[in-house]
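Chemist: This is what each chain is made of:
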Amino acid sequence: MSPDRTPEHPTTTGPAPGQATAPAHGRTATAERGQDVIHNIGYRGYEGPRLGRSYARRALFTQSLRGSYGLGRSAKSKVLPMLLFATICVPAAILVAVAALTKAKELQVGYAEYVLLMQPLLGIYLAAAAPQAISMDLRFKTTPLYFSRPMERSDYVAAKYAALSAALFLFTAVPVLIMYVGALLVKLDFSDQTKGAAQGIVFCALFALLHAAIAAWIAALTPRRGFGVAAIIVAITVPYFLVTALQGIALTSDNSSAIGWLGLGSPGTLLDGIQSRFLDGRSGFPDAQTLTGSQGAVYLAVFVALVACFYALLLRRYRKAGL
Amino acid sequence: MYHPTVARLTYRALLGRRRALILCALPALLLVVAAAVRAMNGADDAVTSQLLGGFALATLVPLIGVIAGTGAIGPEIDDGSVVYLLSKPVSRPSVIVTKLIVATGTTAVFSAVPVLVAGFILNGNSQQLAVAYALAAAAASIAYSALFLLLGTVSRHAVVIGLVYALIWEALIGSLVPGAKTLSVQQWALALAEKVAGSGADVNSAVALPTALVLIVVVTVGGTLFAGQKLRTLTLAGEE
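Residue numbers (my numbering), protein chains in the order written: chain A, 1 to 323; chain B, 324 to 563.
No wet-lab data here; the hints were simulated from the structure.
Treat the hints loosely; a few may be bogus.
What the hints assert, rightly or not - Some chain B residues close to chain A (C-beta under 8 Å, calculated; not the full set): (1) Val356; (2) Ala358; (3) Thr382; (4) Leu486; (5) Ile491.
Stated by the list, open to error - Chain B is nowhere near these chain A residues, computed Cβ spacing over 10 Å in every case: (6) Glu47; (7) Tyr69; (8) Lys103; (9) Leu145; (10) Leu185; (11) Val229; (12) Val234; (13) Thr237; (14) Thr252; (15) Asn255; (16) Arg277; (17) Asp280; (18) Phe303.
For clarity, every value in this text was computed on a predicted model and none was experimentally measured.
Glycine included, C-beta positions come from ideal geometry on N, C-alpha and C.
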């Protein structure tokens, strides 16, 4: 077939066929200076099985997921994710301990409510994980290497988004599971707790999907980690504080019907509204207001639209050849 | 102690490129919200206090402080170009003082001025609220600049640490946990606002005014001295 797979013909294209024995070349190189030759040194093509697109996608997914907890990276980069992970798990265990000591009928804080309370921590974790998974590929120009594989752009985006969502889901679901197992161990009502924990897990999934989409898109815009971290934290927290302040204003100015609509303005309050309306959670809105029926529908629609929109933006970001 | 060339370079680093976009976006957001609230609710002292205290002073000022404070020195240390500055016959403390002045000025312009304007939009400076909060923002921006400038010389992850401090400590713990309030720049600034604002306005700080002023001065001077010291023994780290 191709001539480069036939090492038994060490043909040289040089003009000196008489001296074509291998050891002679190195020593007589000075004599042949200026006469360029191309040697066949026996490179072979790969003809084994190729693992293909889906394997590459899965590999990128696991690698990114592990990377967002610092696994497979230096010891220094394990510190922050693991520290944050411990910080989010410990209060869950404390809640169980309190329930055991006070012999309460239920946990002090609901499952979804716990995740919402931990939002600052989640924000920091996400701001650390997303640029690491996405911006660094742009910074060190590894994206062209990925795209020179059978992997398509959409595969890259899907793998990175799925890995980030999964990382955030694990980050929130593990404390929820700790609370659930603890609640069963201290013999709280089984059916109540199971229902609550299931709703909590659903909430974790929703939380992860939305926040990962936002963070991934922001991280994909910049090759600089510091900038990505700052932008993600700002984008997640500033709207939240703004909306909370506006809701407070709406309450004091006797305009409390506006509270629900204002909640649409930030990811945190959007999810808060959804969990209090559909997942039996306690509302974090001022006056513990829950949504009306039409507001609930709008909240869900906005949630789906936001996830789809940020995912589409992310795909669009990787469409350009130059990156 | 003030070195005009260093100041000019710092200004250009701070206001150039995308950093300036964030610096402009945040005050613009405050003004838009202020206008919207005024249009919906009309002038109201309690609402003004809620928006300026709960959002502007708690979130906006620390964020701008982080961006300006760490941005004044962080990127230079990060990419190693600070060597060229340090190899010039300019004393290290005077570099820090100059950068502090520039950072404070930038923070004050981008936080105190919008707060003043927002206050006028919200209730036309009734009860002196606009002036009170603008003064508080200016005072806070001095302390924040010193704090975050120090952070920029100490750590390569200054932006992250600064944001975590600004949002978790100042906005969350500083507003919720009573004991932590004494150690929050936001409360020191509020003490100033409490003094200036009219008696009818509901502005409350957890610390008394003299304590607050002493603490602001201590943090600013201490932070600057320590940052100057740190810059004298700076080791340049390579890429991680």
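Chemist: Can we trust that A:Lys103 is non-interface, i.e. its beta-carbon lies farther than 10 Å from all of chain B?
Modeler: Non-interface label stands for A:Lys103: nearest chain B Cβ at 28 Å, farther than 10 Å.
Chemist: Measuring Cβ to Cβ, find out whether A:Arg277 lies farther than 10 Å from everything in chain B.
Modeler: holds, 24 Å
Chemist: Would you settle whether the hint for B:Ile491 is holds or violated, based on the nearest Cβ-Cβ distance to chain A being less than 8 Å?
Modeler: holds, 5 Å
Chemist: Grab the minimum beta-carbon distance between A:Asn255 and chain B and tell me whether it stays above 10 Å.
Modeler: Check fails; 7 Å does not lie beyond 10 Å.
Chemist: Report holds if the minimum CB distance from A:Leu185 to chain B is greater than 10 Å, and violated otherwise.
Modeler: holds, 30 Å
Chemist: Is the shortest C-beta separation between B:Val356 and chain A less than 8 Å?
Modeler: holds, 7 Å
Chemist: How about B:Leu486: closest beta carbon in chain A under 8 Å, or not?
Modeler: holds, 5 Å
Chemist: Are all beta-carbon distances from A:Asp280 to chain B longer than 10 Å?
Modeler: holds, 26 Å
Chemist: Does the interface hint hold: is B:Thr382 within less than 8 Å of chain A, judged Cβ to Cβ?
Modeler: holds, 5 Å
Chemist: Please verify that the nearest CB of chain B lies beyond 10 Å from A:Val229's CB.
Modeler: At about 5 Å from chain B, A:Val229 fails to clear the 10 Å cut-off, so the statement is violated.
Chemist: Would A:Phe303 pass as off the interface with chain B, using Cβ distances and a cut of 10 Å?
Modeler: holds, 23 Å
Chemist: Holds or violated: the hint that B:Ala358 contacts chain A, with Cβ atoms closer than 8 Å.
Modeler: violated, 13 Å
Going down the numbered hints, you'll see the structure goes against 2, 11, 12, 13, 14, 15, while the others check out.
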